[in-house]
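J.: One-letter residues, chain by chain:
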Amino acid sequence: MSALGNLFLRREAGILVMIVLFSIAVGIARPQFLTINEFRIVLLLIPLILIGAMGEMLVIVARHVDLSIGSTQALAAIITGMMFKFLPGVPWPVGFIVAIGVGAGLGFANGVLTTLFRLPSIIVTLGTLNLYRGLTFIVSNARQVDRQYIPSDLKAMSTGAVPWIIVIAIAIAILTYWFADHTRVGRQVYALGSNPVAAPLRGIRVNAVTLMVFSISGALAGLSGIMYASRWGFVNPSNTGSGFEFQVIAAVVIGGVSINGGVGSVLGVVFGVLLLGCVSAALPLLGIPGTAQSAIYGAVIIIALLIDRSVRQRGIRALAMQRARA
Amino acid sequence: MKKSLILGLALGLTFATGAFAADPLKIVYVGKNTGNPYFDSITGGFQDACKQLGCDFLFVAPATAEATSQIPIIEAQIQRGVNVIAIAPNSPDALDQVLDEARAKKILVLTVNGDIVGNETHRDANILPVDFTKTGPDQVELMGSMIGYKGEIAILSATTEAPDQNTWIAAMKDSLANNPKYKDMKLDTIVYGDDQPEKSTTEMEALLSNYPNLVGVISPTTVGVAAAAQVIQQRGIADKVHLTGLGLPSEMRDFIKDGTVKAFQLWSPYNEGWLAAYFADGVSKGTIKNEVGQKFDVPNLGTITIGDKNVMNTQAELTTFDASNIDKFNF
Amino acid sequence: MTDQTSATPVVTALDAATPRPRWQVILIRPETMTLILLVLAFVVSSLLSPYFLDINYILQSFTLTAEFSIVALVMTMIIIAGEIDLSPAANMALSACLFAWTFQATGSMPLALVVGIGAGVLMGVFNGLLVIGLQLPSIIVTIGTLTLYRGIAQIIAGDESIRLPEYFIGFNTWLIAGIPAPDLLFVVLSIGLGLVLGTTIYGRQIYQTGTNEIAAQHAGIRTRRLKMGLFITMGFVSAIAGIITASRLGSVRYDLGLGGELQMVLMAMLGGTYIFGGRGSILGTFLAAWLLSVISTGMTTANLLPATQLCVLGVLLIISIIATNFIYSRTQR
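Residue numbers (the working numbering), protein chains in the order written: chain A, 1 to 326; chain B, 1001 to 1331; chain C, 2001 to 2333.
Looking at chain A on its own, in the form it has when it is part of the complex:
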C-alpha cells in the first residue's frame, strides 16, 4: 500500500503544482490575479461545482456515472424558487430542505432504475437528464423565477467577506472526506467500485449502497440548486444547471478519480475544482475571449488524463519492481 499511497499523494500534489504554476504564470501577466480579491472571485466561482463534484465523485468511485445532476439542479432550484414566489410566508431556510429533498428524490429515482432494472447508469442518467429538464420547464410553465422573489437573506449568503456558500461548500467537502475515508459505508463504496463482482461476497449490500450514492449525488445537486439561486439571484428553466454535469465531471476526472471506479480522493477533486475555477477566473482577466474557453478546458482535461496515465504507469512499474525485489 505504501508505494501506491505515495504515488497517490503525488497525484494530488501534481494538481496542486499545476494550480500554483498556472497562478504564477497568470500573475506575471496580470498581477491582480494574485490578490485576495481575485481569490474571492475564484472561491465564488466554485462552490456549486464543488458540491456537485462531491456527489459525483462518490457515484464515479462506485463505478457509475450521474449525467443528470444539471437537470436535477434546475428542477430542485425551480421548485424551491416557485415556493419562494408563491408561498412568501414560508421562512426561507425551508428552501434548503425542499431543494435537498427534491434532489435526493430525483437521485433516488436514478438509483432505482439502475439497481432494480440493472440498467447501465450512463444511459439511465442520460434519460433522466432530458426527463428532469423537461419537467423543469413544465413545472415552471417555462417562466423564470425573477430576482425579486428570491429572498434577500438567501442572496446575502453569497456576499460578504467570507460568503456562506463557500463555507457550506467547504463543509460538504470535509463531510465527504470523513464519509469516504472514515466510515464503513464510505469504504464500501470504494470496494464496490473497485470490484463489483466480489463486493456481495464481502457482505456489501450492493443495491443499498448504489441507491445511497445516487441519492447523495441527487441531494447535493439539489443543494447546488438553491445555492444557484443565492449566487445568481434568480432561477431560469433553460439556463440553470445547463452544462453543469460536464463541468463537474471534468473537475472530478482532473482530480484523479478513475472512471473505472474504486480510486479517487476528496482532496484531489477539491484541487481539480480549484484548478478549473482558476482557469475560469483567469480567462476574462487575460482578455481571452470566451470563445477560447472551451478549447482550453478540453486541453486541460486531456493533459490531466495524460498525467494520470503516466502516474499510473509509474505506479505499475514501481509495484512490479517492488515485487521483483521481494
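Everything labelled a hint here was simulated from the structure, so no lab data went into it. Please note that the accuracy of each hint is not assured.
Stated by the list, open to error - Far from chain A, some chain B residues (derived; all Cβ distances over 10 Å):
{"no.": "1", "residue": "P1024"}
{"no.": "2", "residue": "D1056"}
{"no.": "3", "residue": "T1064"}
{"no.": "4", "residue": "E1152"}
{"no.": "5", "residue": "P1163"}
{"no.": "6", "residue": "P1180"}
{"no.": "7", "residue": "K1181"}
{"no.": "8", "residue": "A1238"}
{"no.": "9", "residue": "V1283"}
{"no.": "10", "residue": "V1292"}
{"no.": "11", "residue": "F1296"}
{"no.": "12", "residue": "D1308"}
As the list claims (entries may be wrong) - Straight-line distance between alpha carbons at most 27 Å, and here's what the computed DSSO-like set of lysine-lysine pairs gives:
{"no.": "13", "chain 1": "B", "residue 1": "K1262", "chain 2": "A", "residue 2": "K85"}
{"no.": "14", "chain 1": "B", "residue 1": "K1262", "chain 2": "A", "residue 2": "K155"}
{"no.": "15", "chain 1": "B", "residue 1": "K1173", "chain 2": "B", "residue 2": "K1309"}
{"no.": "16", "chain 1": "B", "residue 1": "K1134", "chain 2": "B", "residue 2": "K1105"}
{"no.": "17", "chain 1": "A", "residue 1": "K85", "chain 2": "B", "residue 2": "K1257"}
{"no.": "18", "chain 1": "B", "residue 1": "K1240", "chain 2": "A", "residue 2": "K155"}
{"no.": "19", "chain 1": "B", "residue 1": "K1262", "chain 2": "B", "residue 2": "K1186"}
{"no.": "20", "chain 1": "B", "residue 1": "K1150", "chain 2": "B", "residue 2": "K1173"}
{"no.": "21", "chain 1": "B", "residue 1": "K1240", "chain 2": "B", "residue 2": "K1262"}
{"no.": "22", "chain 1": "A", "residue 1": "K85", "chain 2": "B", "residue 2": "K1328"}
{"no.": "23", "chain 1": "B", "residue 1": "K1328", "chain 2": "B", "residue 2": "K1134"}
{"no.": "24", "chain 1": "A", "residue 1": "K155", "chain 2": "B", "residue 2": "K1257"}
{"no.": "25", "chain 1": "B", "residue 1": "K1262", "chain 2": "B", "residue 2": "K1173"}
{"no.": "26", "chain 1": "B", "residue 1": "K1186", "chain 2": "B", "residue 2": "K1150"}
{"no.": "27", "chain 1": "B", "residue 1": "K1309", "chain 2": "B", "residue 2": "K1105"}
What the hints assert, rightly or not - Where chain B lies over chain A, by a calculated footprint (3+ residues, C-beta under 8 Å):
{"no.": "28", "stretch": "138-151"}
{"no.": "29", "stretch": "232-244"}
All C-beta atoms in this analysis are idealised placements derived from N, C-alpha and C, irrespective of residue type, glycine included.
Got chain A sorted already, so can you dock chains B and C onto it with the hints?
T.: Relative to chain A, chains B and C alone:
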C-alpha cells in the same frame, strides 16, 4: 322548379360568402427561446391585438437560442398552413432557405425585434422597437448625466455577433469620439457576457478588478444589466460605479428602489407585438401596402411609417425608467 | 406397447438445448421493439396533428437529422466494438469550419473539400492514438477532444458565420427520384454498413472485439488495428456529415451540431445497441433514427412544448433500455 333553383342558388351563395368571411388569420411568433421573460411581453402584445382583430395567434420557441432549432419549428408551421410567420431570428443567415420556402407558399414573413442583417431580402418586413441608430447616443447621454460627463466607462455587451449590439456600440463609440460634450469620458473596454447571467456576472466582476478607476458601465442587454446590477448591489458600490443600460422594469425594479441603479432605458416589447399583429392583419386584408414610404395608423401607437428596407419602428424614442415611473409598468 | 416413445430421453453432456424456434429468433429482438415504437410514433403523431401525415413533409423533416443519423451508424459500430466516441459533433463543426474557411481564403472548392475531410480524418486519428495508443478510457478522452475540437472551431470562426457559395447550398433540397438526397445517402449507407457488419468477417470481428477484447486478441484478431480503423472511419464520416450540414444551413458556425453526440448515442441506444459492446445492429440504429425524426417532427407539428419533447425523449430512452436488457437477458441460453 324555378323556386327551388333560386333557393338553391341563394343557399349556395350564403355558404360561399360565409366560408370566405370565416377563415381567421393565423399568426405564429417564433421566439428566440422559451423561458425568456422578454418574449412574454411581445407575446402579450400579439395576443391582445389578435383578440381585437379576431386572428389566431400562437407562440412557439425552441428550448435553446439556436437558429438550427428554429428551422424545424418554421417548417412545421409551414406545414400547418399558417398565414403569417413572425420571428425573432437567432442567426442572420441560417434561416434564409426556410424563410424563402415560407414566402413561396405566400406566407408573410416578418422579423420582429431583430433583423436578419445582410439577408433582408429573405423576409417581407421588419419591426423594430425603436430607431436603433439613436439608441447608442441616448445611452451615452444617460450615462454621462449620471457621472457628470467625466470619467472612465466600460460596456458590457451580449454576444460578439449580435447585430443590434454592434450597431449600438458603434454609435456609442461615435458619440464619445465626436461629441464635445463627452470629451472627458473615456471608454476603457467592451466585454461580452453572451446574454448569459453567469458569464455576465463574472465579466462584470473582472471589469471591476481590471479597471479600478471605473465610474460607469453601460450594459445594453437586459441580461447583462441585471447581472451587473446584482454585482454592484452585493458589493455596495452603487455610489462609486454607476450602471445603466437597457433593462426590463420587472427585473430592475428592486435595483431602482434601493438606489443601486438610478435610471435605465428600454422600449415596450408589448407594443412590438401589437404593431406586428396590426400590420400583418392590414397587409392580409389589403388595407396596408408593404412598401417603403407607406404610412398607416395603429390604435395606441399613432402613425407608423415604413422605412428603408421595409423596417418599422414601434416608437420614436427610448423610454427612460427611474424611481419616479418604475411602478407604472408591468413587464 | 414398446416403450420407445415413452422413454425419457437421456440428456448427456453433449446434448444441447433445443434451438429456439426460428420465428422467435427473427421477431424477438431489440430491433422489433424499435420497429413497434416507430409504428406507434407514426400513429400518435398522425392523431396529434392532421398536418403530419404527408410523406414529402416527413422525408423533408428527416433531412434535419439525417447528418446525425449517418454518423450514428458508425457510432453504432464503435459502441459494438466496446468503445465510444463522443467527439463526432465537434468534429463535424471543426471540419466544416476548416472547409468553409479554406474556401473563403482560396476560392477553390476541391482544396476546401480536401482540407475539410482531411481534418476530420486527422481528428479521428488523434482520438484513436489517445484511446488505443495510450490506452486511455475512450469516454473521457472523447469528452476531452470534443471540448478541444469545439474550442478550436470557436477560435477559427469566432462568433461569426462563414458563408458558403450559392451553388453549394441546399443539399437537403436536391431530390433524387423525389427523395431528398440526404435521406437517400442515409439509406444507402445503412445498407452498405449493415452488410459489412452483418455478413463480412470484419463485421464479425467487431462483435467479437466488443464482447471480449482479450479473447478476441487470443483468437488472432488485430483488435487495436480494428478499433483504429473505426475511429478513422468515424472521423471521415463526421467530416462529410459536417460539410453536408453546412450545405443545408448555408453557412458555418462553431456551434454547428451542438449536442449532436448525445443524439447519436440516443439513436444507437434506441436501436438496441448494448452500451458495453458486443451487441447491436445497423438495422436497429436505422429504425431508431427514423423513430427520433418522427417523434420530434410529430411533436413540433402538434405544437407541443419543447419541454414535453424532452420528457418524452427521456422516458423513451429509459423504456427502450429496459426492454433491450430484458430481451437480451431472455434470449441468453
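J.: The structure should be examined with respect to each hint, and the outcome stated for every one.
T.: Structure-based check of each hint:
1. P1024: 25 Å, holds
2. D1056: 21 Å, holds
3. T1064: 7 Å, violated
4. E1152: It holds; E1152(B) is separated from chain A by about 16 Å at its closest Cβ, greater than 10 Å.
5. P1163: 18 Å, holds
6. P1180: Label holds. Min Cβ-Cβ 31 Å, cutoff 10 Å.
7. K1181: At about 30 Å from chain A, K1181(B) clears the 10 Å cut-off, so the statement holds.
8. A1238: 14 Å, holds
9. V1283: The claim holds: V1283(B) sits with its nearest Cβ about 30 Å from chain A, beyond 10 Å.
10. V1292: 37 Å, holds
11. F1296: At about 34 Å from chain A, F1296(B) clears the 10 Å cut-off, so the statement holds.
12. D1308: Consistent with the label, D1308(B) stays out of reach of chain A, its closest Cβ about 33 Å off (over 10 Å).
13. K1262(B) to K85(A): 26 Å, holds
14. K1262(B) to K155(A): 21 Å, holds
15. K1173(B) to K1309(B): 25 Å, holds
16. K1134(B) to K1105(B): Measuring from Cα to Cα gives roughly 36 Å; hence the hint is violated.
17. K85(A) to K1257(B): The hint holds at about 19 Å.
18. K1240(B) to K155(A): Answer holds: K1240(B) to K155(A) is near 22 Å, not above 27 Å.
19. K1262(B) to K1186(B): Measuring from Cα to Cα gives roughly 21 Å; hence the hint holds.
20. K1150(B) to K1173(B): Satisfied, since the Cα-Cα distance of roughly 15 Å is no more than 27 Å.
21. K1240(B) to K1262(B): 12 Å, holds
22. K85(A) to K1328(B): The given pair, whose Cα atoms are some 21 Å apart, holds under the 27 Å limit.
23. K1328(B) to K1134(B): Satisfied, since the Cα-Cα distance of roughly 24 Å is no more than 27 Å.
24. K155(A) to K1257(B): Holds. K155(A) to K1257(B) sits at ~17 Å (cutoff 27 Å).
25. K1262(B) to K1173(B): 23 Å, holds
26. K1186(B) to K1150(B): 8 Å, holds
27. K1309(B) to K1105(B): 22 Å, holds
28. 138-151: Since 7 is at least three, the answer is holds.
29. 232-244: holds (count 7)
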